[in-house]
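Novice: Please model the complete structure; the sequences and the hints are all you need to start from.
Number of protein chains: 2
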Amino acid sequence: MNKLYVVGLGPGNPAQMTYQARAALDEAEVLCGYTVYTDLVAPLYPGKPVLTTPMRREIDRCRMALERAAGGETVAMVCSGDAGVYGMACLIYQLAGEFPPVDIEIVPGVTAALSGAAVLGAPLSHDFCVISLSDLLTPWEQIARRLRAAAEADFCIALYNPASRKRADYLRRACDILLEKKAPETVCGYVRNIGREGQQSQILSLAELREAQLDMFCTAFVGNGQTARLAGRMVTPRGYEAKL
Amino acid sequence: MNKLYVVGLGPGNPAQMTYQARAALDEAEVLCGYTVYTDLVAPLYPGKPVLTTPMRREIDRCRMALERAAGGETVAMVCSGDAGVYGMACLIYQLAGEFPPVDIEIVPGVTAALSGAAVLGAPLSHDFCVISLSDLLTPWEQIARRLRAAAEADFCIALYNPASRKRADYLRRACDILLEKKAPETVCGYVRNIGREGQQSQILSLAELREAQLDMFCTAFVGNGQTARLAGRMVTPRGYEAKL
Numbered sequence: 330m331n332k333l334y335v336v337g338l339g340p341g342n343p344a345q346m347t348y349q350a351r352a353a354l355d356e357a358e359v360l361c362g363y364t365v366y367t368d369l370v371a372p373l374y375p376g377k378p379v380l381t382t383p384m385r386r387e388i389d390r391c392r393m394a395l396e397r398a399a400g401g402e403t404v405a406m407v408c409s410g411d412a413g414v415y416g417m418a419c420l421i422y423q424l425a426g427e428f429p430p431v432d433i434e435i436v437p438g439v440t441a442a443l444s445g446a447a448v449l450g451a452p453l454s455h456d457f458c459v460i461s462l463s464d465l466l467t468p469w470e471q472i473a474r475r476l477r478a479a480a481e482a483d484f485c486i487a488l489y490n491p492a493s494r495k496r497a498d499y500l501r502r503a504c505d506i507l508l509e510k511k512a513p514e515t516v517c518g519y520v521r522n523i524g525r526e527g528q529q530s531q532i533l534s535l536a537e538l539r540e541a542q543l544d545m546f547c548t549a550f551v552g553n554g555q556t557a558r559l560a561g562r563m564v565t566p567r568g569y570e571a572k573l
Numbered sequence: 330m331n332k333l334y335v336v337g338l339g340p341g342n343p344a345q346m347t348y349q350a351r352a353a354l355d356e357a358e359v360l361c362g363y364t365v366y367t368d369l370v371a372p373l374y375p376g377k378p379v380l381t382t383p384m385r386r387e388i389d390r391c392r393m394a395l396e397r398a399a400g401g402e403t404v405a406m407v408c409s410g411d412a413g414v415y416g417m418a419c420l421i422y423q424l425a426g427e428f429p430p431v432d433i434e435i436v437p438g439v440t441a442a443l444s445g446a447a448v449l450g451a452p453l454s455h456d457f458c459v460i461s462l463s464d465l466l467t468p469w470e471q472i473a474r475r476l477r478a479a480a481e482a483d484f485c486i487a488l489y490n491p492a493s494r495k496r497a498d499y500l501r502r503a504c505d506i507l508l509e510k511k512a513p514e515t516v517c518g519y520v521r522n523i524g525r526e527g528q529q530s531q532i533l534s535l536a537e538l539r540e541a542q543l544d545m546f547c548t549a550f551v552g553n554g555q556t557a558r559l560a561g562r563m564v565t566p567r568g569y570e571a572k573l
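Just so you know, the protein sequences line up as chains A and B, in that order. Counting from 1 along the first sequence, just add 329 to a position and that's the residue number in the numbering used here. Counting from 1 along the second sequence, just add 329 to a position and that's the residue number in the numbering used here.
There is no bait here: all hints are sound.
Identical copies carry no separate label here, and so any pair may be met within one copy or between two of them.
With a straight-line Cα cutoff of 20 Å, these simulated SDA-like cross-link-like pairs (lysine to any residue) come out:
#, residue 1, residue 2
1, Lys332, Glu358
2, Lys510, Glu470
3, Lys510, Gln471
4, Lys510, Arg539
5, Lys332, Val431
6, Lys572, Glu427
Simulated from the structure, these hints should not be mistaken for lab results. The structure displayed is predicted, hence computed values, not measured ones.
Specialist: Encoded structure:
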C-alpha cells in the first residue's frame with residue numbers, strides 16, 4: 330500500500346535521530362517538509378527529491394505529501410523534534426480523507442522538552458507540562474489559562490516558542506502569570522539551538538527568565554517547587570531523596 | 330575524565346534508540362541498570378559486564394554506577410524511554426556529590442508519551458501534561474491536584490504508571506477526577522508494551538477508560554476537548570483546521 334512516514338528528526342543532528350527515523354528516510358523516494366528541516370537531512374541523501382513549502386504553508390505541505398503518497402511514491406514528511414508534538418502528524422490525519430487511502434506511519438522522535446532537558450540536567454524528572462507560547466493557532470487566553478493551571482499545581486514546565494520577533498514580550502507575560510503562584514527564585518533554564526551548532530544554555534531564576542532575551546530557537550524550562558541547582562545543573566527530584 | 334552516561338533507550342526495541350544512545354553503549358565498559366532494561370541491550374554486547382540491582386533499589390543502582398565511573402571506568406546507566414522523565418538522571422545528580430568528580434552526560438530518548446502517541450495517531454499535538462499515577466514517591470493528593478489542574482485547563486494528558494497490582498483502582502480514581510471537568514465522551518487511548526512484542530492499543534472514551542483493565546506496561550492518553558477519532562486514530566488538532 331502507498332506509504333507516508335511522518336518522521337520526527339529529533340533536535341537536528343543526525344546522532345539524535347532514531348534508527349527507525351533513519352530507516353524511514355532511507356526507504357522514502359521523496360522527502361517533504363519545511364526547508365529548515367529538510368535541509369538537515371537532504372545532505373544524507375544526495376539526489377533524492379525534496380519537496381518543500383515556505384513557513385506557515387503547512388496545509389499545502391501536507392496535501393503535497395499525501396498526494397505524492399496516494400500517487401504511489403513512498404514519502405517521508407520530516408518534522409523537527411517529534412512528529413506529533415506541534416508537528417505535522419495531526420494535520421496529515423486531518424487531510425488524509427481528501428485522498429485515496431495511504432498507509433500513514435508516525436515515527437516518533439526526541440522532542441525539545443527531552444533534548445533540552447538533557448542539556449540542562451534533569452529538569453523534567455517529575456510531572457510536567459509542555460506549553461507553546463505561540464498564539465498563531467491558539468488564543469492567548471487559552472495559553473494563559475494553561476500557564477495558570479500548570480503553576481497552581483506545581484508542574485515543571487517546558488515552554489516551546491517562548492518568543493519571536495513579533496511576540497517579543499510573550500515570555501515576560503508568561504512569566505508574570507507563573508509568578509502569581511511560583512516563587513521568583515524558582516529554578517529555570519533555557520537552551521538555544523539544542524544539539525546544533527551554537528548550542529547555548531543557561532540556568533537562572535524565574536525572575537531572571539522574565540528578563541531574558543529568548544528567540545524562536547530557544548526552549549525554556551521552569552522548575553517545580555523542589556527543583557534545585559546542583560553542581561551547575563537544573564535538577565528536579567523524583568522523590569527518592571526521602572529514602573536517603 | 331571519568332565518564333557516566335545516563336542513557337534513554339526509548340520504548341525498548343533497538344530501532345527506536347538514537348544513534349547517540351547506541352554510541353554511548355558502545356563506548357561504555359560497563360552497563361548498569363534495572364534488569365528489565367539491561368536485558369534489552371545486553372544481547373547487543375556479549376561479554377560486556379552488566380551491573381544490576383532489583384526493582385526499587387534505585388539509590389544503590391546509581392551509587393554503584395557512580396562508584397564505578399569514579400573508579401575510572403566508562404559507565405552507561407540505562408533507562409527505558411527518556412533518561413530524565415521518571416528516569417535515573419535526577420538521582421545520579423543528587424548522589425554525585427558523594428563521589429570523586431565524574432563527567433555526567435544525559436542521553437535523551439523517546440519517552441512513552443511520544444512512542445505511545447505515535448501508535449495511537451497524534452493525541453499530543455497540542456499542549457499536554459505528563460503525570461505519573463504512582464504514589465510510591467508522590468502523595469496521592471499531589472497527583473490528584475495535578476489531574477484536576479490538567480482537566481480544568483483542557484490539557485491533553487499522558488498517564489504513566491496507570492495501574493499495578495497494588496494500585497488496581499488508581500486509573501479509575503484518576504478518571505473520576507478528570508470526569509469532574511472533562512466530558513465522558515472525551516477521546517482517550519492506551520498502548521500496552523509500546524514498540525515491544527505483544528504491543529496492543531485501543532482508542533476509547535474517558536468513561537470507557539475508567540473501566541479499562543490496564544497494568545504497569547501501559548501508558549494511557551486523555552484527549553482535550555477537540556481531540557477526535559479520525560479513521561481509527563486519536564487525533565488532537567493543532568489549530569490549522571481554522572485555515573481549511
